[in-house]
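Line by line, the protein sequences are chains A and B. Just so we're aligned, residue 128 is where the first sequence starts under my numbering, counting upward by one. Just so we're aligned, residue 276 is where the second sequence starts under my numbering, counting upward by one.
Quick caveat, the hints were computed from the structure, so don't treat them as lab data. A couple of the hints might just be wrong.
[What the hints assert, rightly or not] In silico DSSO-like cross-links for lysine-lysine, where the CA-CA straight-line distance does not exceed 27 Å:
id, chain 1, residue 1, chain 2, residue 2
1, A, K570, A, K592
2, A, K429, A, K370
3, A, K370, A, K257
4, B, K280, A, K206
5, A, K206, B, K367
6, A, K429, A, K299
7, A, K588, A, K504
8, A, K291, A, K266
9, A, K215, B, K367
10, A, K601, A, K514
11, B, K367, A, K257
12, A, K291, A, K257
13, A, K465, A, K528
14, A, K599, A, K583
15, A, K206, A, K257
16, A, K266, B, K280
17, A, K342, A, K206
18, A, K215, A, K242
19, B, K343, A, K257
20, A, K342, B, K367
21, A, K215, B, K343
22, A, K352, A, K266
23, A, K468, A, K517
24, A, K266, B, K343
25, A, K291, A, K370
26, A, K266, A, K206
27, A, K206, B, K317
28, A, K570, A, K599
29, A, K588, A, K572
30, A, K583, A, K572
Below are the chains, spelled out letter by letter.
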Amino acid sequence: MRFEPVIGLEVHAQLDTETKIFCSCSTSFGASPNAHTCPVCTGMPGVLPVLNHQAVTFAIKTALATNCTVARESRFDRKNYFYPDLPKGYQITQYAAPIAEHGHLDIELEDGSEKRIGITRIHMEEDAGKLIHDPDRPKSMVDLNRTGIPLVEIVSEPDIRTPKEAGAYLRKLHAIVRYIGVCNGNMEEGSFRCDANISLRPVGQEEFGTRTELKNLNSFRNVEKAIAYEIQRQTYRLEEGHKIVQETRLWDTARNRTASMRSKEEAHDYRYFPEPDLVPLIVDDDWMTEVRESLPELPDAKKARFMEQYDLSGYDAAVLISGRSLADYFEAAAKGLKEAKLAANWVMGPVLGLLKNGEITIENVPVNAGQLAELLKLLEANTINAKAAKTVFDEMVASGKTPAEIVKAMGLEQVSDQSALDDMVTQVMDANPEELEAYRGGKTKLFSFFMGQIMKQSRGKADPKVITQILKEKL
Amino acid sequence: MKISKDDVEHIAHLARLEVDDSLVEKFSTQVSGILDYIDVLKDVDVSGVPLASGAALQTNVFREDRVKPSPGPSVTLTNAPDRDDDFYTVPKVVG
Chain A
128 MRFEPVIGLE
138 VHAQLDTETK
148 IFCSCSTSFG
158 ASPNAHTCPV
168 CTGMPGVLPV
178 LNHQAVTFAI
188 KTALATNCTV
198 ARESRFDRKN
208 YFYPDLPKGY
218 QITQYAAPIA
228 EHGHLDIELE
238 DGSEKRIGIT
248 RIHMEEDAGK
258 LIHDPDRPKS
268 MVDLNRTGIP
278 LVEIVSEPDI
288 RTPKEAGAYL
298 RKLHAIVRYI
308 GVCNGNMEEG
318 SFRCDANISL
328 RPVGQEEFGT
338 RTELKNLNSF
348 RNVEKAIAYE
358 IQRQTYRLEE
368 GHKIVQETRL
378 WDTARNRTAS
388 MRSKEEAHDY
398 RYFPEPDLVP
408 LIVDDDWMTE
418 VRESLPELPD
428 AKKARFMEQY
438 DLSGYDAAVL
448 ISGRSLADYF
458 EAAAKGLKEA
468 KLAANWVMGP
478 VLGLLKNGEI
488 TIENVPVNAG
498 QLAELLKLLE
508 ANTINAKAAK
518 TVFDEMVASG
528 KTPAEIVKAM
538 GLEQVSDQSA
548 LDDMVTQVMD
558 ANPEELEAYR
568 GGKTKLFSFF
578 MGQIMKQSRG
588 KADPKVITQI
598 LKEKL
Chain B
276 MKISKDDVEH
286 IAHLARLEVD
296 DSLVEKFSTQ
306 VSGILDYIDV
316 LKDVDVSGVP
326 LASGAALQTN
336 VFREDRVKPS
346 PGPSVTLTNA
356 PDRDDDFYTV
366 PKVVG
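Just chain A, same shape as in the assembly:
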């Protein structure tokens, strides 16, 4: 029997606010244990939560950027369970009346076609704390700094069928939340987390099979690997006549497999009820308009514009729009150039090459976009040739000097002067009579030998186009 995987993803994105969702404690990462805690976020008796306005604005922004319908009225509920990372004994979340529903993202498949993945809902909630399990003693240590950091949970429809589709959907969502500035997207710090629900059903069957939920998927690569593993595991179980157990499984990065997690006791008896300490949230037209007008150009629109405006390939445009800062860098570098493709090549090549060690980002890259633009203009005006341009670029990285200064100091101006180059070609031909004879005898491969000799003599400054022309005439 052949089976079809049915996959849905739940993404938790931390909203990039200064303070927690219901109190004024800081959300900054890396503070000492429990430094960012107060009676409100630790659930002391008698305290009242008060909703962070900015967190709501960010949730609305996320909803609009994922084509959701924003609810005019939404509310908060309590989700009750006991776990040491949850000091109140309940999590405040939007269960019955979420802030947004019915969205979608269009992902690009490997064959170039598009597929629409539905978004069921987006709701706001508070994050839980962090537990550190003592390796030597039977103890868990509790740090509540993360408790109460605002999250949006973005729940997809079960429209995903392959690990690749899951990866494409996640990457797109990740790009969007970073573009619109609501989430820093840092997966290692847990700012952007993904759980996957996976089930199999016989091909052609409408009804879903029993699903498992995968957790601990802290990179795009792990999401794809874990889903692929789980599809295979469930396929074997079903083919051997077993039933799938509905359970939560953890992805084990070291062993490349999923393993059953001891089920949270009474996990399905959360006894949701309305949070009596919070009043209903109303999003009126003015607020919606304000947020809509604050939205930047989204990745898909930017990609389409880059292809159109700069005449770039889909591949180039996709690379350049992968981050908003990178896209801005490219546009600034391409400004005033005749061929934007030249800037695209330089940004995707030498500039991105500088970022590879992790510490340098596009925001603090040693050659800024304006300086690169200056260099590319010299190249486009034939003041220097491509080889010299790379030398200048490396020198810009090393010394921070301007391209014009470097070209002058290193004497790299391209020699395009016809008579000077004429002389140079004649000299090289005279100096290499054997090669000249061989070339004329039919060894046309020697053309590049002459090119090389002339470039050498000019110390890389000769205009290759002009030399080619002269050589062709003279040889």
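Knowing the structure of chain A, use the given hints to seat chain B on it.
For chain B alone, coordinates are given in the frame of chain A:
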């Protein structure tokens, strides 16, 4: 609405309360009584009676997103039964 002895035990477990067997029958009767009384309240005609609580009519109560100093561990850990530096500790919950 009848709350069975099983319901009482289930609810007690969810709330992590120990209930002596001898009390289960008693609580079953008492909790059923509370729910029955809510049914009595439901039957009262309150049409035309204004809401007494202002909160019931309020919407959109917000805070500005501005950090205030947190009391931190000195307050948060005051009642911690066990601690390790600035962490509070609990019996190991995983593995």
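Hints versus structure:
| no. | hint | result |
| --- | --- | --- |
| 1 | A/K570 <-> A/K592 | holds (21 Å) |
| 2 | A/K429 <-> A/K370 | violated (47 Å) |
| 3 | A/K370 <-> A/K257 | violated (34 Å) |
| 4 | B/K280 <-> A/K206 | holds (25 Å) |
| 5 | A/K206 <-> B/K367 | holds (23 Å) |
| 6 | A/K429 <-> A/K299 | holds (13 Å) |
| 7 | A/K588 <-> A/K504 | holds (17 Å) |
| 8 | A/K291 <-> A/K266 | violated (40 Å) |
| 9 | A/K215 <-> B/K367 | holds (19 Å) |
| 10 | A/K601 <-> A/K514 | holds (24 Å) |
| 11 | B/K367 <-> A/K257 | holds (13 Å) |
| 12 | A/K291 <-> A/K257 | violated (31 Å) |
| 13 | A/K465 <-> A/K528 | holds (25 Å) |
| 14 | A/K599 <-> A/K583 | holds (18 Å) |
| 15 | A/K206 <-> A/K257 | holds (18 Å) |
| 16 | A/K266 <-> B/K280 | violated (35 Å) |
| 17 | A/K342 <-> A/K206 | holds (19 Å) |
| 18 | A/K215 <-> A/K242 | violated (42 Å) |
| 19 | B/K343 <-> A/K257 | holds (22 Å) |
| 20 | A/K342 <-> B/K367 | holds (20 Å) |
| 21 | A/K215 <-> B/K343 | holds (21 Å) |
| 22 | A/K352 <-> A/K266 | violated (32 Å) |
| 23 | A/K468 <-> A/K517 | holds (16 Å) |
| 24 | A/K266 <-> B/K343 | violated (32 Å) |
| 25 | A/K291 <-> A/K370 | holds (26 Å) |
| 26 | A/K266 <-> A/K206 | holds (26 Å) |
| 27 | A/K206 <-> B/K317 | holds (26 Å) |
| 28 | A/K570 <-> A/K599 | holds (14 Å) |
| 29 | A/K588 <-> A/K572 | holds (23 Å) |
| 30 | A/K583 <-> A/K572 | holds (18 Å) |
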